[in-house]
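Respectively, the protein sequence lines represent chains V and A. In terms of our numbering, the first sequence is numbered consecutively and its last residue is 260. In terms of our numbering, the second sequence is numbered consecutively and its last residue is 274.
These are computed hints drawn from the structure, not numbers from a lab. Among these hints, one or two may not hold up.
[What the hints assert, rightly or not] Label-pair ranges, simulated between beta-carbon atoms: (1) A:Met1 - V:Glu229: 53 to 59 Å; (2) V:Tyr73 - A:Arg86: 50 to 56 Å; (3) V:Asp105 - A:Lys115: 43 to 49 Å.
[Stated by the list, open to error] In the DSSO-like style, the derived pairs of lysine-lysine whose C-alpha atoms are separated by at most 27 Å in a straight line are: (4) V:Lys123 - A:Lys41; (5) V:Lys123 - A:Lys30; (6) V:Lys123 - V:Lys84; (7) A:Lys30 - A:Lys65; (8) A:Lys189 - V:Lys153; (9) V:Lys84 - A:Lys41; (10) A:Lys30 - V:Lys157.
Using N, Cα and C, we set each Cβ at its ideal position, and we do this for glycine too.
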Amino acid sequence: MPSEQKLGSAIVDTVFANMVSSQNESSLLSSEGDSQRTQYPYVTGTSVIGIKYKDGILMAADMGGSYGSTIRYKSVERLKQVGKHSLIGASGEISDFQEILRYLDELILHDSMWDDGNSLGPKEVHNYLTRVLYNRRNKFDPLWNSLVLGGVKNGQKYLGSVSMIGVHFEDDHVATGFGNHLARPILREEWREDLTFEEGVKLLEKCMRNLLYRDRSAVNKLQIAKITEEGLTISQPYSLKTFWNFAAFKNPTVGAEGSW
Amino acid sequence: MFRNQYDTDVTTWSPAGRLFQVEYDMEAVKQGSAAIGLRSKTHAVLACVNKANSELSSHQRKIFKVDDHIGVAIAGLTADGRVLSRYMRSECINYGYTYESPLPVGRLVVQLADKAQVCTQRSWKRPYGVGLLVAGLDESGAHLYYNCPSGNYFEYQAFAIGSRSQAAKTYLERKFESFLESSRDDLIKDALFAIRETLQGEKLTSTVCTVAVVGVGEAFNILDQATVQALINEFEISGEQAPATASVAEEAAGDAAADQGGAAAEEEAAPMDI
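Bound-form chain V, shown alone (with noise of 0.2 Å):
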């Protein structure tokens, strides 16, 4: 169909464009075309999602790592613990979640060589990392990753995130990605001050199942960690049940046939 040519070729031009003129750019003005830095995230993370709870933190991920639309690696683990009172959860590329691991154990390291009774707590450990990623994100090649950040401290609870670009923010449930569009909407209609453990984890499934159904780089094996003054503990992988049941999933063409 000729409008359908016109639009393929416009686009073909545009790409071509593109390619040439970053060629002939000079490097005085060169733009990200011809950066050798992160351009792209290769190995990912789906959503992380934290919530408060009557003790402590609570946070859910899935094991899974992606591969662009492949589910490649499916026993990551993406929630981790920081020093003695924080947890922290990522979701984005898994290699510079190690590298962020990495320098985390470094910091944590320094602090306790100090060895004189203080320690850095969840709310110290958050603005380490959004200052981290920040200033990565202000030299054009950011560590492609946003995290949780949770924590009890002397009896303060703290959840924050931090995004790729130091977006950073505390509050009292947080999300990742898709987490943000799927999970949060539930977790602003049921989430409650004074939530149990058991409360919690029923809340963090709703949300995890909910994801499972319909992001697509979800797979059925999840963690759950929690994080109290007394420390934390990272559930052993398991996976939810589901219900493929509905009407519309058994005959998903039932409004449009021919389609798939």
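Starting from the known structure of chain V, fit chain A onto it as the hints suggest.
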């Protein structure tokens, strides 16, 4: 101490294992006007005697706010003290920027001590000629530290440095056991008493001393002259002996002190102060 052949360089040991330049440095601290500090569980107070070169000049600033939760009083070469205060402020700001959290005093003090140590081990440097009383707050409560030009630091319940500080130390040694549980106002009162001890008979008025406080719920602040004078009057210590039992002496000195407090402000040709 007398001159000897091992005291030219800070990097020269004496046969007895002493670094004379560092010891001379500590002498410089002893020449400065007195500064004292004391602390309870929740508050720390710094006070110092203000020396002025002449009646025409201003007082030397000896107490510096380093951050909302840390302040420092210096004795010795005030120029060195100013430079170190600037370093301390810088460290606090940088820590606060990275971690959104106040720098724990204990860590600042160690950084300061390490900085001072460097100057005792470089032939092209000289040690900082100033002793610092660092008062601050952290998670575990109020703290008082003394940083020495030698690079040593100690934590104290109460301490005094500078000229005639021994008199203040004697007073503090008598009373320090009660400081931990003292109220903020009692702590300030004891600080003023201690300062008075170093004045050896000179009248204690707010033109001669500076007092600063930091505590839980109270950012580090230097009390203004009027407040200090009112406290001095209230505690009736402007010229009277420190009462053995507070109640008896306060009653007796009550009227006399009130008159004196008012008169003193007019009588004294106070040196220019800012």
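- request: List in ascending order the numbers of the hints, as given earlier, that are violated by the structure.
  value: When the structure is compared with the hints, numbers 3, 5, 8 and 10 turn out to be violated.
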